[in-house]
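A.B. asks: Sequences are here, hints too, so could you generate the full structure?
These protein sequence lines are chains A and B, in that order. Heads up: the first sequence is residues 1 to 420, going by our numbering. Heads up: the second sequence is residues 1 to 116, going by our numbering.
No lab work stands behind these hints, which were simulated from the structure alone. Hints are all accurate, no fakes.
Negatives, chain B to chain A, calculated, CB over 12 Å:
(1) ASP5
(2) ILE7
(3) SER12
(4) LEU14
(5) ARG23
(6) ILE24
(7) ALA26
(8) ASN30
(9) LEU36
(10) TYR37
(11) ARG39
(12) PHE42
(13) ILE50
Derived CB-CB ranges, DEER-like:
(14) B:LEU48 with A:LYS150: 55 to 61 Å
(15) B:ASN30 with A:ASN241: 45 to 51 Å
(16) B:LEU48 with A:GLY51: 52 to 58 Å
As the structure is a computational prediction, the values presented were derived from the model and not from experiment. Note that beta-carbon positions come from the ideal geometry of N, C-alpha and C, so glycine has one too.
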Amino acid sequence: MDILDNVMFARYFSPLTGSRPIESDYIPNPSTFPTPLLSNPGSLVPTYNFGLVNKYNFCVEDDMSVIEKGIMRHWYDVNQRSSYNGTGINPPQYSTFQFSSTYHMIYAYLIENTRILQIFERVIEKYLNDEELGIADRFENFNWVQNSEKLFYKNDTPKATNLRSLIRPSSDASRRNAYNRLLGMDLAFGDIDSKNTTLEYAKAKSANQLFVALFERYLSEIWQGFINARNTSGSNTADVNILIELAQQLREMLIARRGDMTNSYAHLNLSREEFSSVLMNSWFAFIISYNSPMVTYLNCQSSTIGERLMKIGNKVGIQAHTKCQALFEMAGSASTTLLAIEVGGILDDPIWVQQMLVSLNPGGVMTPLRALQRNYMNDLLTVINNWEKATGHRIKNTEANITSTVRVQSNGVRPQLVKN
Amino acid sequence: MNSHDLIEEKRSNLAQIDAINNRISAQPKNKAVNELYGRINFLTERNLEIDNELNLLDYSSGKKSGNQMEKAYSISSAGGGVDIRPSDEMSNPGDPERRVHHKRPTGEKITIPSPI
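C.D. replies: Below, the structure written as structure tokens:
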């Protein structure tokens, strides 16, 4: 389940202390709650999600406080390494946080790089200040605008995951700081206001500046290993050794920014920033992931998420990233890959990696293990293909790579960094 | 040898190591104890071999891969944030298909700002 599914599950089924259910002070809970559905029937690696209608209804609840409580309940469930299970004789396991939070900063970075947050900030601003976008055709869309403002743009919220304070007054700047520290990357645009050409944020001295180079090398070696694995003369075991070594280097680089990994998630550096940014980006990505009632209200229907965002951006005067489709497509896969690297024991296991490289080859018996490894291989290929599209860096043919300084082509103005 | 025998051998080796350490402590200071330390090294090396064999047995019997599979499944089934379905098949809320890969035409190239 994704983060929205998990927050929904927490709101419906995860009680507060004293076994109290999460409920509004003013509006009674319904008699029954929806349950997650199997998204891929027949697959040996089942995944579950709430239905789109139920998800949308959750986002437009009349009392936003139950959504907030669901967010906080889920935050503490992650810290306590809980699992979300169904009921019955063989209850399905929807999500488990035993091994990781299941969220990664790379997801938030890639999604936010599309300018989705700035675009929707402008949508909400225009709706609340004027009638330029018209009056909401349905009360649900009205609620969505109100809930979005109160959840993500309220100054005084006491949520543990709130990034805004007197010390860090801008959550935008806080996220940029987190992206830079963990991934060594900046967003491709500046401030939302075109009159302001700079966006200041605190640039940390301890930042993973070598992450991009190492990650691209890793993707390139994965590609080579994948190609070699398809050779009939047999795979090249040396590829696996390089992959293991690179995965270990990436892991050490990433966990160095977090701290003592034996601590719970809440007690690691960048966890709150990660959880908060993934949640916020997911909230807005969901509403355009299909032709939702909100998209229909804005009259921005389209066949892909990228085109929907571009239409909405044009409507409010903020141009979405021209490669936003590639960014959207690889966000989930990149998150899975980096999570597996950070957690360890998967992509640094030579037997697993060797099996994964050949998992897409035709023939052989389909077992749950092989199905899982195919998923990981597909995720890596998705990242490789879309990273090339989004960045222009050649992963498959590294000899054609740009070796000089990368020239940034931005949609807005790059933020000017505060020098320490 | 099965895992039970290996574990028993390891326990025996550890007991021998303890006994030899006690003998070394009881020896006069000017007495050479190289042979005793040599015996400890041999037993320690044998225990490392036993550990490797036990790991292989665990892996082949599925014990280790079970935990690894649980870990891998927990990450793979999560997908990080909201999963983006890259095609219009997802405009139908009832459509359960999740993993669809489409080739997109390459167009104008832009770069994600990079410190490189």
